[in-house]
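Asks: Note that our numbering has the sequence shown beginning at 216, numbered continuously upward.
Be careful, since some hints might not be right.
[To be verified] Distance windows between CB atoms, simulated:
#1 G276 - L321: 20 to 26 Å
#2 N278 - N252: 34 to 40 Å
#3 G276 - Q323: 23 to 29 Å
#4 G276 - L231: 26 to 32 Å
#5 R251 - S279: 32 to 38 Å
#6 G288 - K240: 28 to 34 Å
#7 R239 - P315: 32 to 38 Å
[Stated by the list, open to error] DSSO-like, lysine-lysine: derived pairs with alpha carbons at most 30 Å apart:
#8 K254 - K333
#9 K283 - K310
#10 K240 - K254
#11 K310 - K254
#12 K333 - K240
#13 K283 - K240
#14 K310 - K333
#15 K333 - K283
#16 K310 - K240
Hint data in this document are derived by calculation from the structure and do not stem from the laboratory.
Built from N, CA and C at the ideal position, the CB exists for glycine as well.
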Amino acid sequence: MIRDDFISDATVTLVLVGQGTWRRKHVDWEIASSIRNTKNNSRTGLLGLLLPTYSAQLPYGMNSSVLKYTENGSVYNPYTISPRLNDSIECGFAKIYAWPTSPDDLHQWIHDAFQRRKTCLPTNRRDSFSNNRTEAQTHWRD
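Work the whole structure out from these sequences, hints included.
Replies: Here's what the structure looks like:
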């Protein structure tokens, strides 16, 4: 429905990632719709972009070994980005970047995501969020 009614002509979905983005059901739904190939709409490319305010915080008890690096070298916590975006990064369909230093960088990343959408299959195995996650939840875990 989202894909058919609102983003049918999209070719790349760019997910702006802040501290609480992963908690939002609509973000989850948009990503799920974007990477689904339907008879009316082909899947879009996907990329994550960490907002300048994003911080790779480690909740109490979480080991720093879970931290990962964006394509352009910034640290992020995969458990504080959308689970569905993380799945797509892990399978090679999507990439994640820190905030760009130039418009040319962003242009290239979007182009690369556009090209990847035809060469790699995304992972879309998760059930959709039925509700937003609460502010008390600092991260997700499988």
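Asks: All the hints need checking, so say for each whether the structure fits it.
Replies: Each hint tested on the structure:
| no. | hint | in the structure |
| --- | --- | --- |
| 1 | G276 - L321: 20 to 26 Å | violated, 36 Å |
| 2 | N278 - N252: 34 to 40 Å | holds, 37 Å |
| 3 | G276 - Q323: 23 to 29 Å | violated, 38 Å |
| 4 | G276 - L231: 26 to 32 Å | holds, 28 Å |
| 5 | R251 - S279: 32 to 38 Å | holds, 35 Å |
| 6 | G288 - K240: 28 to 34 Å | holds, 31 Å |
| 7 | R239 - P315: 32 to 38 Å | violated, 23 Å |
| 8 | K254 - K333 | holds, 16 Å |
| 9 | K283 - K310 | holds, 12 Å |
| 10 | K240 - K254 | holds, 24 Å |
| 11 | K310 - K254 | holds, 26 Å |
| 12 | K333 - K240 | holds, 26 Å |
| 13 | K283 - K240 | holds, 24 Å |
| 14 | K310 - K333 | holds, 15 Å |
| 15 | K333 - K283 | holds, 26 Å |
| 16 | K310 - K240 | holds, 21 Å |
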